[in-house]
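S.K.: This is what each chain is made of:
There are 2 protein chains.
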Amino acid sequence: MEFYYYTLLVGIVSVLYAVFAAYATLKKEEGNKKMQEIASAIKSGASAYLNRQLKTIAVFAIILAILFLFLPNGLQITIAFLTGAIASYLTAYLGMNVAVRANVRTAKSAEKGTSEAFKTAIIGGSVTGFAAVGFGLIGISLLLAYLTISKVELLIGFGFGASLISLFARVGGGIYTKAADVGADLVGKTELNLPEDDPRNPAVIADNVGDNVGDCAGMSADVFESYAVTLVAALLIAYGVSSALVNFAYPLYVAAIGIVSSLLSLLFIKVKNENATRALYKGIGSSVIIAAILDFIMTNYLSLPLSYFYAVLSGLVLAILIFWITDYYTGNVSKPVIKVAEAAKGGGGTDVIMGLATGLRTTWFPVLAIVAAIFVSYESAGLYGIGIAAVGMLSLTATILTIDSFGPITDNAGGIAEMSGLDERIRKVTDKLDAIGNTTKATTKGFAIGGAALSATALFVAFAQAVGLTSIDALNPMVTIGIFIGALMPFVFSSFLMEAVGKAANLMVEEVRRQVKTIKGLLQGKAKPDYAKAVDIATVNALKALVVPELIAILTPIIVGIVLGKQALGGLLVGMIPASFMLALFMANSGAAMDNAKKYIEAGNFGGKGSDAHKAAVVGDTVGDPLKDTAGPALNSMIKVVSTISILLAPVFIAYTIL
Amino acid sequence: MEFYYYTLLVGIVSVLYAVFAAYATLKKEEGNKKMQEIASAIKSGASAYLNRQLKTIAVFAIILAILFLFLPNGLQITIAFLTGAIASYLTAYLGMNVAVRANVRTAKSAEKGTSEAFKTAIIGGSVTGFAAVGFGLIGISLLLAYLTISKVELLIGFGFGASLISLFARVGGGIYTKAADVGADLVGKTELNLPEDDPRNPAVIADNVGDNVGDCAGMSADVFESYAVTLVAALLIAYGVSSALVNFAYPLYVAAIGIVSSLLSLLFIKVKNENATRALYKGIGSSVIIAAILDFIMTNYLSLPLSYFYAVLSGLVLAILIFWITDYYTGNVSKPVIKVAEAAKGGGGTDVIMGLATGLRTTWFPVLAIVAAIFVSYESAGLYGIGIAAVGMLSLTATILTIDSFGPITDNAGGIAEMSGLDERIRKVTDKLDAIGNTTKATTKGFAIGGAALSATALFVAFAQAVGLTSIDALNPMVTIGIFIGALMPFVFSSFLMEAVGKAANLMVEEVRRQVKTIKGLLQGKAKPDYAKAVDIATVNALKALVVPELIAILTPIIVGIVLGKQALGGLLVGMIPASFMLALFMANSGAAMDNAKKYIEAGNFGGKGSDAHKAAVVGDTVGDPLKDTAGPALNSMIKVVSTISILLAPVFIAYTIL
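So the sequence lines, in the order shown, correspond to chains B and V.
Using the working numbering, the first residue of the first sequence is number 1, and each one after it goes up by one.
Using the working numbering, the first residue of the second sequence is number 1, and each one after it goes up by one.
Any given hint could turn out to be false.
Identical copies look the same in the list; a pair holds intra-copy or inter-copy alike.
[Claimed, not checked] Using 20 Å as the maximum straight-line C-alpha spacing, the simulated SDA-like pairs for lysine to any residue come out as follows:
no., residue 1, residue 2
1, 345, 190
2, 520, 241
3, 526, 421
4, 345, 516
If you are wondering where the hints come from, they were derived from the structure by calculation, not from laboratory data.
What you are looking at is a predicted structure, and each value in this text was computed from that prediction instead of being measured.
If we strip away everything but chain B, and leave its shape as in the complex, we get (with noise of 0.2 Å):
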């Protein structure tokens, strides 16, 4: 048998535990009438979203894919093509729809305590989890089976499915979350001095489905992503050292692994003691050991050279590392967010200038890393020990999603239990996870904005096989002309999000305010909000800012490599990665340090909550929001997308070339 139809089983596997996880998730209870209906207006404008969003892809991905058509072997990259969307898509789309069912029975399920209310929240998280390594693994069985080795290289079609789907879901989500965030935040809680997710402010069920579109949505198809593009890479840098077929086999063993491994490390995330945090990281702990243990052995069962799996496990080793630094910087009691809290003292000013310094500073810890990780599994094994350090990184996947979508499943869960007015005891039970929730959304940023560096270096050697350069060199002025532009890329690309965020979040502010005016008795609880608009506001803003950054994403690169040529195009991809990967690195944890400097003032510090300070660090947070949620995160699908662009259409910048 071939080795692809091992690595599909897993795969299958994966996908059927998604399934009976959705189902254990489907059939808990969903709590009483009004938990229900605000679950229900949560679930439909998240929908509503999706949908309305599937049309523009689908405008995108019809016009890439008739293109695609023209490709040497056009027919099979169109169908890698579409594969690698659809799977990328239906991954979002089932873990949203989980997501959104989860979140009011992790409500209910608080009324028996922490443990259970916890269990609820990752089964469901869970689901995406699975759903994303699953389909990413059967995809590219299957399609590996479809073009077999001597066509390896049409894999990147798949890679760029995923990719294209991840910059919109990205982007778009990344977009709405902020907007309507912000926008409530700005209304509610300041100038009407609501509590966060109070039923009255019309913004609040946008809030809620910001985080379904953003952080659940958004964040699977970015990781999900992430996952494909570097099996991909891996593959196709095997295809350029060694015709080996077991060079082949490696990668996807690897990634089979961590799906066992993270099945099995579920088993350990229990919570003892009330200390959920605890659980989540050993949840993570378990998953990177056995991934090892079991690595280990497969690469000696194999007998294949044991660099090989050195060059996983410095992928591992970087995965521990970077969450590590990312929950020293940005988490709940650290020193640094104390630090932003006490600038928060001098004013709104001041706490900014503290958050942007600390979010500077977080970058040097991760790159270290990263920097040790290539130089390990390069000199382990060469170029193809980085494609395969990649891999070890991101066959935590599983695991990082699940505790990831742990987070708007709780945030969803507090919010319900907060709207419909459910008992001080449960909402301290959803309070406390949705403050957890929060730290790990941080954490696994962490990862994927590592995971998306990794997999890009593991790409851009890729590129240079695929357009057939042995050297792309910084002294040859083309080259340093791609670097500049490239350099480039990130900052403008993010200028687009944080408009954005923006205008719409001013829009959405302007449309609280009306209704605060109009609809009579609203502030007191008399008359309801119109939440339906505000929902529409988000949507319809999203939309419209998605266009220009796709397209500079897409097309910068197929312009730099048909007008100035391979060169320049191999200079874009190494200006590109490393900035990108700082700045996302800046925005994610300036965000984050801001935000909870924020929450730490509002446990009681510098003055608590309603102090000039705590004023101060909610103009941070404001800051920070976009920072961490739009436009860091984007960057991550930003790099993939016009790495993967740059593979796929090598055959075009080897034929034809302007300069």
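Mind docking chain V on chain B? Use the hints.
M.R.: Coordinates of chain V only, in the frame set by chain B:
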């Protein structure tokens, strides 16, 4: 006669003009006793800072000078190094000492109207401009006479000397000026509702000192450095590509022509119909046109290929383009600035979001402009073309620095007019000039950033020649590792600067609050605040915060070069230059946009002074302050110091490498 005697002569003429301008400035009236008192406080604060900074620099410089003695040709390198350091320090010292005298004289001459005050400020500013280029050209010409062409590569010592001073002046001055400014604003404007430059604010003198040590001394050292290292880079590249003597003479002639055209363009900087901005822009325009004509004639006269001239022209055009785009994005009533101001209606958070978005966006045009300049100059004259294009751009230094120094002088003049309670009519004149100075400060900053990027690119070419690399291949994992570390540097470096400003500003806030509490009658204007204490806080904290970023900038390339080798060090430069360029543009322009958005609101828009939008815009301005005047500009110095030390220590990196 050797060619460098001609340029020596032009350098001497330039310094003579600077001395004449200094003399002309000192001859002007100083104003009444109160004005003199205030000016004297600023003067002594600025001198005290510069003297204490010198001590810190001296420690570094002496250690380095001794270490350099152990290099091959150590004595000559040490002499070149000290020459560069002294020339740079002299420029900053002379320029600043005239600036702190021109300020009060400008305020006094404002009695006679805009035209007269404008003239005083411009003549005062021109001292810095012409001293910089004069000392630069004299230093290089003399060293050439001493070292002869055969040892031209030792000139890098001169470049590094200039770089070291620039690093200190930029970092220290930048922290000083913003700690004082932010501190003064936070309490003064926000808490106590005092106007800008109110004498009752204890931090007001420190704020005015900061303008001089930051915008004047810091900026002049930065641009002097760009000027010096660009000339050195061009000479090194000439040495690498050909032995024709005329190739060495050419860049020096271009520099000399720049001085002549800058002198002539002074005739065009005159205020007609009270439009001072236009006068300044006419100065730049005429200086470019005259330089282009003379460069064309000179190229023909020397019977050199016209392609050389095209390369120089691309540098001149680049300067104009960057000027124009910075003005567009950050100018007083530009569309992007109005957008930021409008976002202030939503609060400080949205103001900063839009400000950052604007800053991110501003990167695109300068990058395309620089890429076009690299392309044209390389196509015209190969790698040598890049070197002379950079010289072409920097040949405008005298004019640019003149216009730049106009900023702190008029800023101070406004402060002195306000503090000494001059007539409303006079204050209107100084306010107007101050506003113009603010815009030109932003645009000249764009020039400094662009100049730094282009000269670093030229230095990169020189580096490859110095370590004997004919290719720096991004597919080599050592280079990849270097690229990541290089891209990391500007982020970590600037995080220290942001943090330093945040911390020092908070200390300043506490001190101001303390004085307001303990000094009776302070707010009623009956008792004088303790200005000296505030000056001391800014001084001490700026000097304390200097050390870590300096060490990062100096030690990182040395460690990478010795541990990872010259390939990795080449990668470091490849990663650092574009990332720093983008980050510097982003930071400088975000800050400028938020500053001008505040001014736009103060001019009566969106509610005007005292409105909620205004308060929000003040938050944005506070965030923007260290971005635009500390972190952003300091990156210029960082990239040049890293580049020059990499070249300087080339023999070490060739001989010893650990990995």
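S.K.: The structure should be examined with respect to each hint, and the outcome stated for every one.
M.R.: Tested hints:
1. 345 with 190: both (17 Å within a copy, 13 Å between copies)
2. 520 with 241: Result: close neither inside a copy nor across copies, 71 Å intra and 80 Å inter.
3. 526 with 421: For residue 526 and residue 421, only the intra-copy Cα distance (15 Å) is at most 20 Å; the inter-copy one is 58 Å.
4. 345 with 516: This pair counts as between: shortest inter-copy Cα distance 18 Å, intra-copy 31 Å.
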